[in-house]
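Protein chains: 2
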Amino acid sequence: MGIVARKEKQKQEIRSLILEESMKLFVEEGFSKVSVRKIAERIQYSPTTLYLYFKDKNEILFYCCESGFKKMLEQNIALGLISDPIERLHQMGVNYLNFGLEYPEYYDLMFIQEAPMSALIDMGAGWSSGDQALEALKMIVQDAMDKGLIVPAKVETVAMAVWSMVHGLVSLAIRQRLDKLVPAEDVEKTMHESLDWLLKTMKKA
Amino acid sequence: MGIVARKEKQKQEIRSLILEESMKLFVEEGFSKVSVRKIAERIQYSPTTLYLYFKDKNEILFYCCESGFKKMLEQNIALGLISDPIERLHQMGVNYLNFGLEYPEYYDLMFIQEAPMSALIDMGAGWSSGDQALEALKMIVQDAMDKGLIVPAKVETVAMAVWSMVHGLVSLAIRQRLDKLVPAEDVEKTMHESLDWLLKTMKKA
DNA sequence: TTTAAAAACTTAACACTGTTAATTAAATTT
DNA sequence: AAATTTAATTAACAGTGTTAAGTTTTTAAA
Numbered sequence: 001m002g003i004v005a006r007k008e009k010q011k012q013e014i015r016s017l018i019l020e021e022s023m024k025l026f027v028e029e030g031f032s033k034v035s036v037r038k039i040a041e042r043i044q045y046s047p048t049t050l051y052l053y054f055k056d057k058n059e060i061l062f063y064c065c066e067s068g069f070k071k072m073l074e075q076n077i078a079l080g081l082i083s084d085p086i087e088r089l090h091q092m093g094v095n096y097l098n099f100g101l102e103y104p105e106y107y108d109l110m111f112i113q114e115a116p117m118s119a120l121i122d123m124g125a126g127w128s129s130g131d132q133a134l135e136a137l138k139m140i141v142q143d144a145m146d147k148g149l150i151v152p153a154k155v156e157t158v159a160m161a162v163w164s165m166v167h168g169l170v171s172l173a174i175r176q177r178l179d180k181l182v183p184a185e186d187v188e189k190t191m192h193e194s195l196d197w198l199l200k201t202m203k204k205a
Numbered sequence: 001m002g003i004v005a006r007k008e009k010q011k012q013e014i015r016s017l018i019l020e021e022s023m024k025l026f027v028e029e030g031f032s033k034v035s036v037r038k039i040a041e042r043i044q045y046s047p048t049t050l051y052l053y054f055k056d057k058n059e060i061l062f063y064c065c066e067s068g069f070k071k072m073l074e075q076n077i078a079l080g081l082i083s084d085p086i087e088r089l090h091q092m093g094v095n096y097l098n099f100g101l102e103y104p105e106y107y108d109l110m111f112i113q114e115a116p117m118s119a120l121i122d123m124g125a126g127w128s129s130g131d132q133a134l135e136a137l138k139m140i141v142q143d144a145m146d147k148g149l150i151v152p153a154k155v156e157t158v159a160m161a162v163w164s165m166v167h168g169l170v171s172l173a174i175r176q177r178l179d180k181l182v183p184a185e186d187v188e189k190t191m192h193e194s195l196d197w198l199l200k201t202m203k204k205a
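Order-wise, the sequence lines are chains A and B. For the first sequence, this note's numbering begins at 1 and goes up steadily by one. For the second sequence, this note's numbering begins at 1 and goes up steadily by one.
No lab work stands behind these hints, which were simulated from the structure alone. Hints should not be assumed to be uniformly reliable.
In this list, chains with the same sequence are indistinguishable; a pair is considered to hold if it fits within one copy or across any two.
[To be verified] Taking lysine-lysine and the DSS-like style, the derived pairs with C-alpha atoms no more than 25 Å apart in a straight line are: (1) Lys138 x Lys180; (2) Lys70 x Lys180; (3) Lys55 x Lys7; (4) Lys11 x Lys200; (5) Lys147 x Lys38.
Produce the entire structure from the sequences given, and follow the hints as far as they go.
Spelled out as structure tokens, the structure:
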């Protein structure tokens, strides 16, 4: 039947509407200011209607998160052009820092808040978009090791170290902790210097 | 006058009572479950009484945070006995990881939540306890460089890199992101391996 | 075309949250 | 003992996520 298909399509449209407007609210007012009622008001529905399309607020946050990963992956498309693993890893780190600093609210959601992960556990689903990014990271590290550009070690160990450092940089910056180490106006510059330092340091002499 | 002194002392006692009970609530139920009303109930006062001793909830969180730093510094006392800068830096990192994993709620407050920093800005105060820890880190890095144990670089850059990595490890672990990279039971072990890897890598050959 | 069933949506309500203003109770000073 | 200051409370506001019950709209059957 064409009717049930159309209905399904309409349902998906409202779902998208909810998610889009939620993300706008995020970017405009920040994570803590986003409420079910505010989202509902924006799309001209009653607050409880959202519960017909999503289990709870966390699930909405989770899907917003997913769209954040899409955004991040798009930034990394051009990465394939770089053949040198170290150089590629470096550019990947630069992209990561830029993403976090440009869209702190997205970043907050994707890597700092616990709500999206709670939703993920509730849903029994996988972290598909996040996993994809991590796989890419592991592959680059593996590649660099295969080509003898970095000292051999367990891939997971090095990947975790690299990810942790860039995440640490971004999350400390977002939460205004890095300006306790260097003046606020130097934070961004020093973040990039730290990343450069790591890449330079891990590069086999 | 002795009376005004005694009164001041009583006031301080209630302040301490509020902070102690708040921290207990933290450890028992986690950051998100702590409310002004719950704290008040625990100390058998009405919720609004807390506002006679603290400006707002954020200020309470800030002072809880401070006691977290004290706890952390205590763990680092034995550090002075280690003379080799690299070894000292390594042990400092190990302590950091252990602290974060043992007291995730404290860690959350100190380095992940934005509330305590908002309070700090409102109060126009300094991050004395945090600054102290960062100074210690910078000094060790400087020492290691002076002794030619690591490749020379800007101290802030290296300190930021090291801090960011350990913070990244702990915060990603707390927010259940690291188990997307390695199985949950291997997370803690791999975190330590990542730290070891960093120290080994930055050590001048 | 009218009627029964299903789907979509809203209203009302619950149990919370941080916080302020007004009020009462207790302690201190005159 | 009365007046004043300090301490603590009650009531209330405006907001939060969420559920149950009721209403409107749409679809399917008679």
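Evaluated hints:
In this assembly of identical chains, Lys138 and Lys180 lie within 25 Å of each other by CA distance solely across copies; the values are 12 Å between and 32 Å within a copy. Taking the shortest alpha-carbon separations for Lys70 and Lys180, only the inter-copy value of 18 Å comes in at or below 25 Å, while the best intra-copy value is 32 Å. When the C-alpha separation of Lys55 and Lys7 is checked against a cutoff of 25 Å, the pair qualifies only within one copy, where the shortest distance is 19 Å, while the shortest distance between copies is 53 Å. When the C-alpha separation of Lys11 and Lys200 is checked against a cutoff of 25 Å, the pair qualifies neither within a copy, at 51 Å, nor between copies, at 55 Å.
In this homomeric assembly, Lys147 and Lys38 never come within 25 Å of each other (Cα to Cα): the closest approach is 52 Å inside a single copy and 58 Å across copies.
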